[in-house]
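Enquirer: Relying on the hints, combine the two individually framed chains into one complex.
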Amino acid sequence: MRTANRLATLLLAVALLAGGVLLAVEALLAAAGRPALLTDAGGWAATLGDTRWDDPAVRVSALVLLLVGLAVLAAELRRWSPQRLDAGDGWHLHRRSTERRLAAAAGSVPGVHRARVRVRRRGGHWWPRVVATGDPATRAEVEFAVRQELHRLTAYRPDRVEVRLSRRREA
Amino acid sequence: MSNAAHRVLWTALALLLVAAGGVALALNLGLLPGVEPGDVILGAGLRRAWRLAAPWSALAAAAAGLLAAAGGLWLLRRELRAARGAWHGTLARPGRRGRTRLAAAPLARALERDLTGDPRVRRARVVLTGDPPRPDLWVRVEIAADARTAGLREHVGTAIRRYADTAGCRPAHLDVTARLDAAPGPVHVAASGRIVPRETSWLRPDRRGSRGP
Numbered sequence: 001m002r003t004a005n006r007l008a009t010l011l012l013a014v015a016l017l018a019g020g021v022l023l024a025v026e027a028l029l030a031a032a033g034r035p036a037l038l039t040d041a042g043g044w045a046a047t048l049g050d051t052r053w054d055d056p057a058v059r060v061s062a063l064v065l066l067l068v069g070l071a072v073l074a075a076e077l078r079r080w081s082p083q084r085l086d087a088g089d090g091w092h093l094h095r096r097s098t099e100r101r102l103a104a105a106a107g108s109v110p111g112v113h114r115a116r117v118r119v120r121r122r123g124g125h126w127w128p129r130v131v132a133t134g135d136p137a138t139r140a141e142v143e144f145a146v147r148q149e150l151h152r153l154t155a156y157r158p159d160r161v162e163v164r165l166s167r168r169r170e171a
Numbered sequence: 001m002s003n004a005a006h007r008v009l010w011t012a013l014a015l016l017l018v019a020a021g022g023v024a025l026a027l028n029l030g031l032l033p034g035v036e037p038g039d040v041i042l043g044a045g046l047r048r049a050w051r052l053a054a055p056w057s058a059l060a061a062a063a064a065g066l067l068a069a070a071g072g073l074w075l076l077r078r079e080l081r082a083a084r085g086a087w088h089g090t091l092a093r094p095g096r097r098g099r100t101r102l103a104a105a106p107l108a109r110a111l112e113r114d115l116t117g118d119p120r121v122r123r124a125r126v127v128l129t130g131d132p133p134r135p136d137l138w139v140r141v142e143i144a145a146d147a148r149t150a151g152l153r154e155h156v157g158t159a160i161r162r163y164a165d166t167a168g169c170r171p172a173h174l175d176v177t178a179r180l181d182a183a184p185g186p187v188h189v190a191a192s193g194r195i196v197p198r199e200t201s202w203l204r205p206d207r208r209g210s211r212g213p
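Taken in order, these protein sequences are the chains called W and H.
The first sequence begins at 1 in the UniProt record's numbering and counts up one residue at a time.
The second sequence begins at 1 in the UniProt record's numbering and counts up one residue at a time.
One or more hints might be untrue.
What the hints assert, rightly or not - Short, incomplete list of chain H residues facing chain W, as computed with Cβ under 7 Å:
#, residue
1, 27
2, 72
3, 180
What the hints assert, rightly or not - To spell it out: a stretch of chain W is covered by chain H in this simulated footprint if at least three of its residues, at any positions, have a beta carbon under 8 Å from a beta carbon of chain H; those stretches are:
#, region
4, 77–87
5, 116–128
Claimed, not checked - Here are the computed distance ranges between Cβ atoms for each label pair:
#, chain 1, residue 1, chain 2, residue 2, range
6, W, 162, H, 157, 39 to 47 Å
7, H, 174, W, 59, 23 to 31 Å
8, H, 31, W, 162, 44 to 52 Å
9, H, 132, W, 96, 32 to 40 Å
10, W, 89, H, 64, 48 to 56 Å
11, W, 36, H, 31, 32 to 40 Å
12, W, 136, H, 162, 47 to 55 Å
13, W, 70, H, 168, 51 to 59 Å
14, W, 96, H, 81, 49 to 57 Å
Please keep in mind that the hints were generated in silico from the structure rather than gathered at the bench.
Note that CB positions come from ideal geometry on N, CA and C, so glycine has one too.
Next up, chain H with everything else stripped away, as it sits in the complex (with noise of 0.2 Å):
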């Protein structure tokens, strides 16, 4: 399940914990027509209508569970899968007798393998969605330290242009997130007191010392 969701979710579930407790309140203080603060919650009414109706009220009690576990169970899933990161999408595109939905995993790990060829991305995860023709394409790549930037957008674009020639498609929407390893400083300061950049500086003859305490 994406971030927007569990958003979504929780806020739906808050809502209906604010109602909840809204009407309770409400009732407590005998704010509501119809319902007499002194009644009990559980009238005698309801519990001679839920005897009458037996057994049909005890098997809509056992229907009412199953259905909320198995949105337990869907639920859980979804959150399953997500933390096992088994998700790269579905590539779909409708034609005369229906739609064509194709599984975009292997496609998608190609791209991966391509991607993590390069010993600056330390992992690449791949998502394909949309029409196989023109897929949106959304990469996410885990950066080593020290790694630059720049190479790596010029070695990602090159890895999407040889998936595009050999799938033969075109991408329609790019997107990539690169996640930075921690690294140390990138910079340290000369014994000259100049600031070098750590991917030269570990060259330097002055290094050693040049740190401050």
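In isolation and in its complexed conformation, chain W is listed as follows (with noise of 0.2 Å):
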């Protein structure tokens, strides 16, 4: 969510700009009593002065405006995952990077064959979820071996690691 705004803000940004732009321009230009450059001001007043509020093209581009506004606000407000973790003494690791450095730690243990790392967190507390497919009997032994990263990160031991193992599907 955090990209997806950048690039929206982006885009707003180099809208914001051209538009602003080509609206002084034609307004200067009309002011002026010349022709405009690219836009048909008189075309667009003469629609909007036929277009009445109980039109179906009112209520439908009315409908799309109120549901990506909607859209937009819930994902906004909704809970974001955090970007980095708590390590203790001021110092945090970032989220991405340790998840996928446990999800390497995972992987890296015999028998396991694809192995994805999820933080999840409950206050102020956070552990790791280890999802991989592998034989369901390395399930210590993938529980060992993100400690044993974590450990070496020097980061928040946690109470718990889940490791959800299931069997990889024989082709």
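Expert: The structure is reproduced here in structure tokens:
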């Protein structure tokens, strides 16, 4: 969502800049009594002058605006995953890179084919949740590998490490 | 712009969209008093007022366009500045004749160079804000694969103490974020079945063939 916000802001900035310059130029030309360069303001005014509020196109446009606004609002107001994890004493670990590192640790255990780690949190506590495919008998080793990696990183030591191992489907 | 600023901006824009859509829908359904659903959007009265106010109406539109363009330019510069990572903060202190503001970039760069003196730190970024004698220090380090952060904490602590002694200040607040390079697995299982940490495992003769399928 952070990247989407930045990209959307960049687009908004470019649109504001281009649209603002175009509006200023066209309005100054209109004030000077010169013909417009790119826009047909008279045509737009005529269209809006002929369109009534109860037109179906107005209803569709209003609904689209409302739904897009609600969707953006919901996306902005929901609880986001933290960008970093508290490791104590003013130190923090970047969440994504920590998840990748722990996934690599879990995936290095023999018998594990693919592992994905997501950090879960409640209050001030967080713990890794490993979802992997491989031999279910390696569960203890996967947990050990993840704990060992957290120990190497001298990160906050979680009370638990969730491991979900499912057997790999044979082709 | 910070993530929080982006969030506030898009929340405000979303509220505007919801309000505009809601009002348009209410007008479409005839729920707002004073406007009939059969009325046109741009009435003759509004168009007459626009023509009567000419050329001031067009000049007002030009001013609005310039304001929008200035806003867009400001936003664009903030975004591009953040993307370049050019922000190093400002130290500020109120005095008797106003406020002294000091660009913190040279001080921050010195600390960045000190931090990257350790090969485990691939890149460092420092931002200094607040009062010069008691600045707030925001440090971001990118840690190479296989590096232990235990030693790194000491390295960062030593660099900051060195910086504080040289600059004659005491950091009031320290915030460090470590970003880790992706690494292959940190452990491997030896032939004996014992799990060995990776930083020593490459020295072991039983490493070859110990990995699983």
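Enquirer: Determine which of the earlier numbered hints do not hold for this structure and return their numbers in increasing order.
Expert: Hints 5, 6, 7 and 14 contradicted; others consistent.
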